[in-house]
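Same order as they appear, the protein sequences are chains A and B. In terms of our numbering, the numbers along the first sequence are unbroken and rise by one, the last being 224. In terms of our numbering, the numbers along the second sequence are unbroken and rise by one, the last being 209.
What the hints contain is simulated information worked out from the structure, not anything from laboratory work. Wrong hints could be hidden among the right ones.
DSS-like cross-link-like pairs, simulated, lysine-lysine; straight-line CA separation at most 25 Å [stated by the list, open to error]:
#1 A/Lys147 / B/Lys206
#2 A/Lys67 / A/Lys106
#3 A/Lys153 / B/Lys206
#4 A/Lys153 / A/Lys164
#5 B/Lys188 / B/Lys91
#6 B/Lys91 / A/Lys25
#7 A/Lys164 / A/Lys147
#8 A/Lys78 / A/Lys147
#9 B/Lys160 / B/Lys78
#10 A/Lys67 / B/Lys206
#11 B/Lys188 / B/Lys160
#12 A/Lys78 / A/Lys21
Far from chain B, by Cβ distances over 12 Å, these chain A residues were calculated [to be verified]:
#13 Ser22
#14 Ser34
#15 Asp56
#16 Lys78
#17 Leu80
#18 Val101
#19 Thr108
#20 Pro112
#21 Ala122
#22 Asp142
#23 His149
#24 Asp158
#25 Ile175
#26 Met182
#27 Met188
#28 Ile209
Just so you know, even glycine gets a beta-carbon here, dropped at the ideal spot from N, CA and C.
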Amino acid sequence: MSDVLKVESRKSFGKRNNNRLRRSGRLPAILYGHGEEPVSLSLASDQIQASLRHGAKVVDLDGAASGKALLQEVQWDTFFHQVLHVDLLRVHAGEKVTIDVPIELRGESVGAREGGIIEQLIHSIEIEVALDVIPEKLHLSIKNLGIDGHLTAKDIIDLPPGATILSDEDAMIVHCVMPSAEVEEEAAEEGAAAEPEVISKGKADEEEEGEEKE
Amino acid sequence: MALMPKRVKHRKNQRGRIKGNATRGQRVVFGEFGLQAVEGGWVSAQTIEAGRVAATQYIRGEGRLYVRVFPHKSITSIPLETRMGKGKGEPEFWAAVIRPGTILYELGGVAEAAAKICMARLAHKMPIRVRLVKRQG
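Chain B extracted, bound-state conformation (with noise of 0.2 Å):
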């Protein structure tokens, strides 16, 4: 099951813009190895599970991942073939927003080879680019 808010002040969000960098959350704080966003963009909540998914399956328990990122807005869509106007249309998915340098995903417990192959796959399932990050001091 994909990730949601559980209560929520309003059920639609605006649109908004990404600027500038990460200023928080861009840091391996749990894990030894992490997956940091070099762009901003909107990751939904089934991606977000899918990478957890591809990842799990991939350590086998061997480690630990950390989920650094969670979909707190909701994105609308107006269904097709409708005309224009009549309001905003209803909440499609759940997205998390990214700006760049924040780390989406950490690891830890398992061999810098292994982190490497875990996090290619993870960063396949991506819709932004992300790189492999180390933890600093």
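The following block holds chain A by itself, in its conformation from the complex (with noise of 0.2 Å):
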């Protein structure tokens, strides 16, 4: 069962309008999707906040647009407090969507235990998947890890029925190494330059030549 959630149509665009409605307690929104004309609508901030609490990725509408819609894109502000704007998409029952599911790991692996470092190089992929089973993460069992080793997203253990892997399946997504901090230390101590090269060399003559006549 999903969120509902009551929208009304709008008619003032523009940034101002847009910021006078976020002090009201609304949000902006734009419905698209399925060749139809895209609706500029604005929903209630608390009850979008809520939904998006509790995980919800579709939506149905009610109001000035009705059916369901995907979250397409929710815009925060910088501190990740507020939510500043909605994409919604259209979608149909049993229809298959795009979407960019997390990936979390899970268990403890062979290799850290020996020392290694666990690196998640990849922290979410692109699934198409049926609307009703869209899952809020998906999972990599790092348990038989060793070092060296890596993990793809071949290896994701609850992929849903009928989900199809759209990013590269052979990309790494997990993997463990040997730390190298002494390496880095090193690095750091090198190069010790003075002061930077200036690009604009003529004008840096120039300079030069005043301040000796001076």
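Two chains, two separate frames, one set of hints: put the complex together.
Below, the structure written as structure tokens:
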């Protein structure tokens, strides 16, 4: 059961009007998709924040627009305190959608116990999945990951039925490497330049000449 | 050795003003935890390096530290007991211009408890107020 969002149509556009809307406790949003005209909407700020807290990906619209919509993009402010704008994509029940799903690592790896570092290089992957089985997270078991070993998207354990991975399946998601702290220290000590090179040579020369004259 | 640009167009910069919040570099991208500036200011290359050393010594190769800021701005000063005038002073140090919201450091491959302690040590070195943030989504 997806959350219901009450939406109103929006006639005023632009930065000033949108800021005024946000001050009144509502948010600007846009609904598009399925080859229909995009519709400018506004929705209650606390409603969308609650839906996002519950991990909603699909919402039911009520009011100026109806039907199901995918939360395609949510814009946050700098400090992740307030939602600024929401992009909604029209979808039908049972339709397949393309979505970015975060990847979470599970278990303690063999390599980490032997002194290696677990480095996660990719934190989310793009998948095509039916609307009713969109996962909140995908999991990757790192239990058998040894030193110099790596895991790819093919190793994901809980891909929903009928879902296809659109990102590169062979791309390294997580690997286990030995720490290289000593090398870093050495590299940091090298290259002690007093002042950087000035690109505009001609002008630098002129300045120097000027100083000499003084 | 503190960070510094390799090549610059001009040796000296104007002071400038820090207006508004960060609109880039404000999300945790590489690691799982980040140290986010809550207020704006200049962070010198020496301070960035001091933070890096403090964090690396604590994590001792267990995780990976990412430094997300670079000192692009040269800060000049006039020597003591010098009469005013005679032009702009000489570059003294390099600093990164930090807007509120900028992620200064990121940490990956460590547990949350260790990340908290590490970032607290790092925060003590910073001349501005900072906070610990986690990766979102």
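Outcome of the hint check:
1. For the hint linking lysine 147 of chain A to lysine 206 of chain B, the alpha-carbon distance of about 16 Å falls within 25 Å, and the restraint holds.
2. For a cut-off of 25 Å, the pair hint linking lysine 67 of chain A to lysine 106 of chain A stands: about 13 Å separates their Cα positions.
3. Between lysine 153 of chain A and lysine 206 of chain B the CA atoms are separated by roughly 24 Å; this keeps the pair inside 25 Å, and the hint holds.
4. Proposed proximity of lysine 153 of chain A and lysine 164 of chain A is supported: the alpha carbons are some 16 Å apart, at most 25 Å.
5. The suggested pairing of lysine 188 of chain B with lysine 91 of chain B is violated, with an alpha-carbon distance near 29 Å, which exceeds 25 Å.
6. Between lysine 91 of chain B and lysine 25 of chain A the CA atoms are separated by roughly 18 Å; this keeps the pair inside 25 Å, and the hint holds.
7. Taken as a hint, the lysine 164 of chain A and lysine 147 of chain A pair is honoured in the structure, with Cα atoms around 15 Å apart against an allowance of 25 Å.
8. Under the criterion of a C-alpha separation no larger than 25 Å, the hint pairing lysine 78 of chain A with lysine 147 of chain A is consistent with the structure, at around 21 Å.
9. The hinted pair formed by lysine 160 of chain B and lysine 78 of chain B meets the criterion: a straight-line CA distance of about 22 Å does not exceed 25 Å.
10. Proximity of lysine 67 of chain A to lysine 206 of chain B is assessed by CA-CA distance (about 21 Å); at most 25 Å being required, the pair is judged to hold.
11. Restraint check for lysine 188 of chain B and lysine 160 of chain B: not satisfied, since their Cα atoms lie roughly 42 Å apart, outside the 25 Å limit.
12. Using a Cα cut-off of 25 Å, the hinted pair lysine 78 of chain A and lysine 21 of chain A holds, with the two alpha carbons roughly 22 Å apart.
13. Interface exclusion of serine 22 of chain A from chain B stands, the closest Cβ pair being 24 Å apart, more than 12 Å.
14. For serine 34 of chain A, the non-interface assignment is confirmed: its Cβ lies about 22 Å from the closest Cβ of chain B, beyond the 12 Å cut-off.
15. Taking the minimum C-beta to C-beta distance to chain B, about 19 Å, the non-interface status of aspartate 56 of chain A holds against the 12 Å cut.
16. Under the 12 Å C-beta cut-off, the non-interface status given to lysine 78 of chain A relative to chain B holds; the minimum distance is some 21 Å.
17. Every Cβ of chain B is farther than 12 Å from the Cβ of leucine 80 of chain A; the closest lies at roughly 15 Å, confirming the non-interface assignment.
18. Separation of valine 101 of chain A from chain B is adequate, the least Cβ-Cβ distance of about 20 Å exceeding the 12 Å criterion.
19. Every Cβ of chain B is farther than 12 Å from the Cβ of threonine 108 of chain A; the closest lies at roughly 16 Å, confirming the non-interface assignment.
20. Its beta-carbon lying about 6 Å from the closest one in chain B, proline 112 of chain A breaks the requirement of being farther than 12 Å from that chain.
21. Listed as a non-interface residue, alanine 122 of chain A fails to keep its Cβ farther than 12 Å from every Cβ of chain B; the least gap is roughly 9 Å.
22. Against chain B, the non-interface label of aspartate 142 of chain A holds: every CB pair exceeds 12 Å, the least being about 21 Å.
23. With a cut of 12 Å on Cβ distances, histidine 149 of chain A stays outside the contact zone with chain B, its closest approach being about 16 Å.
24. In this structure aspartate 158 of chain A is separated from chain B by more than 12 Å, as the shortest Cβ-Cβ distance comes to about 15 Å.
25. Listed as outside the interface, isoleucine 175 of chain A is consistent with that label: its C-beta sits roughly 18 Å from the nearest C-beta of chain B, beyond the 12 Å cut-off.
26. Residue-level check passed: methionine 182 of chain A sits 14 Å from the nearest beta carbon of chain B, beyond 12 Å.
27. For methionine 188 of chain A, the condition that its CB be more than 12 Å from all CB atoms of chain B is violated, with the nearest at approximately 8 Å.
28. Here isoleucine 209 of chain A does not stay apart from chain B, with its beta-carbon only about 5 Å from theirs, under the 12 Å limit.
The structure does not agree with the numbered hints 5, 11, 20, 21, 27, 28 stated previously, though it agrees with the rest.
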